[in-house]
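In order, the protein sequences belong to chains A and Y. All letters in the first sequence, in the order written, are residues 1 to 406 by my numbering. All letters in the second sequence, in the order written, are residues 1001 to 1506 by my numbering.
It is possible that part of the hints are untrue.
[As the list claims (entries may be wrong)] The list that follows gives simulated cross-link-like pairs (lysine-lysine, DSSO-like), each with its CA atoms no further than 30 angstroms apart:
1. Y:K1398 x A:K298
2. Y:K1398 x A:K21
3. A:K299 x Y:K1328
[Stated by the list, open to error] DEER-style ranges, computed between Cβ atoms:
4. A:L261 x Y:G1372: 30 to 40 angstroms
5. A:M236 x Y:E1456: 28 to 38 angstroms
6. A:N208 x Y:G1372: 45 to 55 angstroms
7. Y:P1056 x A:A350: 25 to 35 angstroms
[What the hints assert, rightly or not] Rough simulated footprint, nothing fancy, chain Y against chain A, three-plus residues with beta-carbon under 8 angstroms:
8. 262-276
9. 286-293
Keep in mind that the hints were calculated from the coordinates and are not lab data. The structure presented is a predicted model; accordingly, all values stated were derived computationally and were not measured. C-beta atoms are modelled at their ideal positions from N, C-alpha and C, and glycine is treated no differently.
Chain residues, written in single-letter form:
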Amino acid sequence: MSSIIETQRVAPTSFLESLKKILRENIRDYGMYIALFVIMVIFTVTTEGKFITSRNIVNLVNQSGYIAVLAVGMTLVIVIRHIDLSIGFLGGFLGAVAAIAMVQWHLPVYIVIPLTLAFGVVAGLITGFLVAQMEIPSFVASLAGWLIYRGAILVVTESTGTIIIPDKAFNAIGNGFIPDIPGITFLPEVHKLTLILGLVAIVLLVFNQLNSRRKKQAYNFDVLPANLFVIKMAFMAALIGGVTWVLAGYQGLSWTAVVVLIVVIVYDFIASRTVLGRHIYAVGGNPEAAELSGISVKKIIYVVFGSMGMLSALSGILYASRLQSATTTAGNLWELDAIAAAYVGGVSAAGGVGKVVGSIIGALVMMSLTSGMNLMGIGISYQYITRGAVLAAAVIFDVATRNRGK
Amino acid sequence: MATCLLEMRNITKTFPGVKALNNVSFEVVEGEIHCLVGENGAGKSTLMKVLSGVYPHGEYTGEILFAGKEQRFRSIRDSEKAGIAIIYQELALVPEMTVHENIFLGNEIKTGFLIDWNETVKRAGEALKEVRLDVTPEAKVKDLGVGKQQLVEIAKALSRDVKLLILDEPTAALNEDDSKNLLDLLRGLKDRGVTCVLISHKLKEVIEIADKVTVLRDGQTICTLDAHKGEVSENALIKHMVGREIDNIYPKRERRISDEVVLEVKNWSAYSPLLGRTILKDVNFNIKKGEIIGIAGLMGSGRTELALSIFGNPDGYKVQGEITVKGKKKQFRHPKDAIDVGVAYVTEDRKGDGLILIQDVKQNITLANLRGISARGILNENAEVKVANEVKTSLNIKTPSIEQKVSNLSGGNQQKVSLGKWLFAGPDVLILDEPTRGIDVGAKYEIYTIMNRLVEQGMSIIMISSELPEILGMSDRVYIVASGKVAGELPIEEATQEKIMHMATN
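Full structure from sequences and hints, please.
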């Protein structure tokens, strides 16, 4: 076996050949990005450029933020072979709780947000208790939650109906943008802080990738050929740069985008770089083996469901803030959108496989479809059918490529 | 001369890398009770799976003659239709269904499209009378004990007009009374003309009931003995079952056993709520620093349960007794507690609960000791790569890279990854459950060499194994487990395959 590897290393491969090989071996990882890219290009063409305008992209991000954070939590839930159906109405309910805390209890926003998140954790831990301790199937345990929180929303909004939220700071989360640096006259139409943050992100990315490449080389690992590495870097830099430019051309980075970015970065770090993350994927990959390796499967179930509850609360906050009110219908079908996003993003129902970043891309794919079809004036009925077909296609693609490239 | 009911000629069945059956011939005469004996892995179950069509025609070579005709069974359905019924160790009844529903499951009595329940209940009652089982056909199977469930299975087979009844270890899970009842029943069936093949580890009952005994060893027929000619005795059976010389495949080791007892287990009992019976009773054993003890015993004797119940009891048995590690009494509530004080367990089923197959070599190796490659909960991936490469080199794991998925490795190399995981965790006591199951001779030798190296470094190893040569070749002391109890302890100088077999089968 080792001789094969050596010949591969020594043999001079042409640029195109190695590009093909890399694409073939990593088609699962790159597939979603390619799909997102293709969808965006198609909609840009069919809407005569309306899709890719700054304003539309910013709206798309702000509208899909609450599903994106749910998809992040759901990724880990599915990775440990469970499901949580309660998250939609839990989010809706906690959004209403946040509204009531501000409007009726007159609590300041900086207390309301942590309080709501804490409620979310508690709710998640209750589901976790049913699953881990009582050994109730998560489908059933969370279905019970689904019913209960749905009723709870109706209870708390019964007397008032929709609760209008007057707090400006709270509402800025779903509608506002980060401030610009004052006093710079250079590029008047562009949001400078956003641009700077984008540049910083590109620099950090390149630095990080170079660093990890150097370390891998020090261990004599296979790394991408230099030319492909440069292309990959250029591609990623162009992507970040492009998005930054588009965002900066409108009002800059929205607070929703900031929240989603923080959640993704934190969760991706936990999932891929910490002991906790390793334990989560081990439990998903083989719970018996994990248990015998000294990992408490119950503890992991608590942690994952607790985090899911917290993200449901965050989702409810984002939604209530976006609408500047808590409504009786908040939460309807969010859980299924999150599950769809996770599956489109490459999570495996068999457990142990799935990336946080993938689910975010999945959420973006699904939201791009909605946004693009809305712009094209396609009726809601065909939108559902199209999204269903894309979900099925994504999972078929995932299953078909699962055992390739080894 | 009596007619042959079943003749299996020159049956050969290969699995990737292993010849499970090599040119096996097996003849059963009509109306006799024919026992099939052999060590674990001798090929008894495989032979019965060939016969019943679990391995369809074409997956093996050789021919099967049944009731005078050549048969090419493609599924269990085919063999059932021909009149062969197999009753496995794990019962194939639906616990939530009633006795009569189970007896006629897949063979329903119908009038038109509808099931005739009255007739079903009536005929089930008759079938139950035949097996002398006194329960109502309306009872649910889950409410019956294991012994009664077994009788229901036999009733089910009889209801189908069976010509050949095969029982795979029927008494393994039964107490003495139930076993005796079952054997009486088999005699009764024989008088009625039912032919019976009985696979059993319990030589006493084999001697008691068999007309003929066929011995298999290493996938080959060794001999068929006739009880009526006085050929069947315990000594004869054991001699034929064991038969082989200890191959010289066990590397030598310098014995450096200290007097320090690292692990001692006293009066250890366990009750399984799931099975509803006591699986371990008053087990006592100890192991010294630098020692390898072998735990021998037949499958189902409680060896693995013993290991698991000590190792943090993940299966939730009700345990009683005392564990002392390096002179201190310990209680393990979770495998983690055992690992923390230096006790590790390498499972017998590396694919089922040992490795995470979808993860790579590196992640599997570090899983049990992530603390060793992290600071404040954050992994140091470079340290992980370094550790994994060291383990790979030290255990000679053959893989193109440590980033290869474990599912792509061969059995022997998977086992090395399993071992490597615990080497990195650095335990004082390593429990190895069937450490060389399903791996080839070369890889076995390597595993033995690693074991020797570890004990020379002061580790203690508890080796559970079904392979007697391995037990004798590697251990310093041998404990024999039978029916959840320690049936004996032998220093290696006194241990022989025959002695161990005697203790394990009584």
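Hints, one by one, checked against the model:
1. Of the supplied pair hints, the one linking K1398 of chain Y and K298 of chain A is violated, its CA atoms being roughly 35 angstroms apart against a limit of 30 angstroms.
2. For the suggested pair K1398 of chain Y and K21 of chain A, the alpha carbons sit about 24 angstroms apart, so the restraint of at most 30 angstroms is met.
3. At most 30 angstroms may separate the alpha-carbon atoms for a hinted pair to count; K299 of chain A and K1328 of chain Y meet this at roughly 28 angstroms.
4. At roughly 33 angstroms, the beta-carbon separation of L261 of chain A and G1372 of chain Y lies within the given 30 to 40 angstroms, and the hint holds.
5. Against the hinted window of 28 to 38 angstroms, the Cβ-Cβ separation of M236 of chain A and E1456 of chain Y comes to about 52 angstroms, which falls outside the hint.
6. N208 of chain A and G1372 of chain Y have their C-beta atoms about 25 angstroms apart, which leaves the hinted 45 to 55 angstroms range violated.
7. Separated by about 28 angstroms at the C-beta atoms, P1056 of chain Y and A350 of chain A satisfy the suggested range of 25 to 35 angstroms.
8. Look at the stretch 262-276 of chain A against chain Y: 4 of its residues bring a Cβ nearer than 8 angstroms to a Cβ of that chain, three or more, so the hint holds.
9. Residues of the stretch 286-293 of chain A lying with their CB closer than 8 angstroms to a CB of chain Y number 7, which satisfies the three-residue condition for coverage.
Taken one by one, the earlier hints fail for this structure at numbers 1, 5, 6, listed in ascending order.
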